[in-house]
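*Asks:* What follows is each chain in one-letter form.
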Amino acid sequence: MAVLALAGVSATVAVQRADEHTTHLREAEIEHLRIGRALATAESALTRWVDQGDRSGLRDFRDARVYLLERRVDLARELDGDRSAALEAEDEAVDAWLDGYAAAAEDPTDDATTPSRARGAALLDTADEAYDVAADRLTVAVDSAATRATWTFRVAVGALVALGALAVLAAQRGRSRLVQVLVTPLARLEAATQHSGRRQPGVRAPVDGPAEVRAIARAINDLLGAQERARAAERRLQGDQRALDAARHDFASNVSHELRTPLTTIHGQLEVVADEFEGRMDPRHERMLAAAQRNVERLTTLIDDLLLSADGSQRATALLDTDLGSLLAASVADVALAAGARGVRIEVAPLRGSVVLRADPPALQRAITDLLSNAVKFSRDGGLVEVQVVAGAHEVQVMVTDHGIGVPSAEQPLLGTRFFRASNAVRLEIAGTGLGLRRARTAAVRHGGDLVVRSVEDEGTTVTVRLSTGAR
Amino acid sequence: MARILVADDDIDIRELVEFKLATLGHEITVVADGAAAVEACQAWRPDLAVLDVMMPGVSGLEAIRAIRADPALAGLPVILLTARAQESDVETGFDSGADDYITKPFSPRELASRVEALLARST
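Sequence lines, in order, name chains U and V.
For the record, in the first sequence the residue sitting at position 418 is 639 according to the working numbering, with numbers rising by one throughout.
For the record, in the second sequence the residue sitting at position 79 is 596 according to the working numbering, with numbers rising by one throughout.
It should be emphasised that the hints constitute simulated quantities derived from the structure, not laboratory data.
Certain hints may be false.
Claimed, not checked - Just some of the chain U residues that point at chain V, by a computed CB distance under 7 Å: (1) Ala367; (2) Thr371; (3) Thr482; (4) Thr486; (5) Thr521; (6) Thr522.
These figures come from a predicted structure and were not determined experimentally.
Note that CB positions come from ideal geometry on N, CA and C, so glycine has one too.
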């Protein structure tokens, strides 16, 4: 860039100098013309004086002579000492006329020194000729100077253009060299980050190349180190999580075994006693035995709920193409006994065709059973539970509606929190753990949907489960 | 009339199962752990075995594997009693070679009907 600027300045100076020289020569030419006019004026004024004795002629001649000599000085200044031989000859010839004839002609009283007119005319002719030669020389000099200036300008412009082109080329070559210097280390950096992307531990970017690239490499290496530490921490956490899941599963299994074994015994013994003494007991003993059996079953349900919520919610399960119709039928069968005992009818609106969705069948069936079981529990004796399915391309809605006790509006925000039970359900001594709805909601979310409860106290409740069909 | 082996570490369950199956007219032998169950199967040659899954020492699942490994006992019908209702455990039960399983708490009546069904199928 500096070279280009220097070249630009030099070119400008050269063009300016050439222009100045031309201007000076033009000024010189003008001065020379004035000298020619002054010479002519001097001659005609002198003639007026010599021939007619007109004193104004003498005065004019003297003015013209002064003027002529002044112009000669100006001309010399314009030419800056570079006077041609023709100008020298002209000056000599004019001086010869001025000194050899005009000076004597100024004073006609002295007849002896009065030069002949013929001599004056001859001297003037010589001066005129010399003048013409000098004038031609000046014109030629002006023309050639002007031409030179034009060429200087052209050459300067050409040189600048060429230099500019050279500068562009140089910049490109410099850039390609820069690219070469940068590309190799940058490509290695990219390779390192890609290795890291493929989770290859211990990969580091080589710290070489230009300082800027080295700085980037160090920053990337810091980042890679931090990433590896984060991954290690993540793996530790995953391991801990798996261990925790396994421990929870084992705990659930153990507790389940410990609780169910005595329940099995009680349940079985009650059954055997009932079988053995069938028809031989007092009615009040039969009632007490039936109550004992009912409570054992209730205890079993509560334990199942607790253990499922302790163990079942986190396990990853495979999603299978699942027929919603058969799932619903199975859930209805599960609660049919409880519903029948209280005269509650369950009506499933006929499905339009088969509805298939990607689901974890046991989890989804448990969720629907939970909702149906709730609907039956919170219905009044002889009530109606309605089940409706709305199937779309990407989403299926299952709506379970009862016309039972409902949920007080103030408590509705708490629905689905663990162990929450509505106050009216507690007051009416309706058995439950406050886990079913929560489990159903968890299942809905795991099936890419959600669960919405709409309820009016003493009128009933509609639970809508939205499920993704898993279709893409 | 069949010979049935019952293995459970809980004495009340043993008695209950023994009582229920005996009332059906079967001959019952009871043991309290898996190792004893395998020995009894080899020595006594029952027609059917009822095994609890969770027993100290050799579990019901391990006992089934041992029984199936014995060519003389490979066809012995086995019912598992399990406290586990989780699907993965049920699958494990079938994978291990059980013919049927009943989750606790079970009804003695139901156990009796499963036993009769299995005996009818295997003879």
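*Asks:* Evaluate each hint against the coordinates.
*Replies:* Hints versus structure:
1. Ala367: Result: violated, 106 Å to nearest chain V Cβ.
2. Thr371: violated (100 Å)
3. Thr482: holds (5 Å)
4. Thr486: holds (4 Å)
5. Thr521: holds (6 Å)
6. Thr522: Thr522/U check fails; min Cβ-Cβ to chain V is 11 Å, beyond 7 Å.
Checked against the numbered hints given earlier, the structure breaks hints 1, 2, 6 and satisfies all the rest.
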